[in-house]
Amino acid sequence: MSSSELKRTLSPLMVWGLGVGYVISGNYFGWNLGLEKGGTLGMAIALFFIIILYVTFTFSYTELACAIPKSGGAFDYARRALGNDLGFIAGMAQNIEFIFAPPAIAFALGSYFNIFFPNVPVLVIAIIAYFVFFLLNVAGVQIAAVFELGVTTLAVAAVFLFCGITFQHFELAHLQQNSFPNGWPGVLAAVPFAIWFFLGIEGVANLAEETINPKRTIMLGFGSAILTLVVLCLLTFTGSIGIAGWEAIVFKADGTTSDSPLPLAMARIVGTNNWQYNLLITVGLFGLVASFHGLMLAAGRSTMEFGRANYAPALLGKIHPRFQTPANALFVNMLIGIVALLTGKTGEIITISVFGALTLYIISMISLLKLRVKEPSLARHFRVPLYPYFPVAALVIASCSFLAMAFYNGTLALIYFLILGLSFIAFKMIK
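Mapped onto this note's numbering, the consecutive letters of the sequence shown carry residue numbers 1 to 431.
Check the hints yourself; a few may be wrong.
Unchecked claim - Heads up, simulated DSS-like pairs for lysine-lysine below, C-alpha to C-alpha not over 25 angstroms straight-line:
#1 Lys215 / Lys428
#2 Lys252 / Lys345
#3 Lys215 / Lys374
#4 Lys370 / Lys428
As the list claims (entries may be wrong) - Have a look at the derived ranges for each label pair, beta carbon to beta carbon:
#5 Gln168 / Leu342: 42 to 48 angstroms
#6 Phe116 / Leu227: 32 to 38 angstroms
#7 Ala173 / Pro313: 55 to 61 angstroms
#8 Phe331 / Lys374: 33 to 39 angstroms
Hints listed in this document are in silico derivations from the structure and should not be mistaken for laboratory results. Where is the CB? At the ideal position from N, CA and C, for every residue including glycine.
Put together the whole structure using the sequences plus the hints.
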């Protein structure tokens, strides 16, 4: 096996576990902050369009992943369809998404453990988590995938447990109270929080080179993952708000804002000393672990492909000779993530990550449309249904979402474009 060849060990079930695992933390924290922007109705409208975006994007992206099963994902698709320059932009956007999302989740992990170990600082716990999961990812993709499948299954079970309890106390009137406080501007402001429910699902494509029979495995794993996530999103959203209205899962008793809606909703029913509450809190930790670990795994493959294509230092493209994993890329990504952690700007880091994701979606859909014209004979073992409506719908919604986010986050948009611009200039000077 060469120094740049990955080992094929992943089954459809493992890909499902990874796909859901990348995203499952979005059910546990962060999304409820969109309710403060748009209320129940505003957030629901944003979710309606974002669900359409992710369903149409996922099936469109599956066609690309099956036709070009390489670990670079959007980077490889755009480079083939649109050339080196746009390929670099797509790849860099992908790197930004996958590298900058884990620090925010690591901080949440640190905050979570700090409840049980208050004498250990949050940042120390978060940095320890980085080292632990770096080593797990280096040890081998099959070991990492089996672990991910286990923690993802527990995290999904906890969501169903939560909904089984909350729907017994559900009242439709709670969905209607103060449901549209900021009007249509609130819908636009809620978009990034709706995206947080699904951010990272596209990381499945970066595992294509490590799957058994990639065309079949990616199709089954990717498709089942997005359908699972849509169901979990709808259950979490309605089950949480239906207890006492959206304000009850945004504001704590002292009036401060919380990004952890499930514990707030559960406490309304059983209190904070009940075993069901403690079980939810404990198992909910696995949701954070699943997303943190899974996104680190996807980031390693994305960065490795950059190095393998000589778009970054070639050392990043090397595979560990014993474990056949991208150890160098994983290590560099860990260092960048720790630096981002030390800034303490987790909310801003998430937003920059979302800008990267939306850029990836836009360029990938353009790549799909271009390849249908440029390479009509390309072997497509899966074809997106309702072509061209699916990729066009994903392209339009992703573009509108990007503009809405840039409008409400002007400074962060400038920082994002600065990162892309400086990286592109360095690329053109070296390449």
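Next item on the list: Enumerate the violated hints, using their earlier numbering and listing them in ascending order.
Entry: Hint check: 1 fails alone, others pass.
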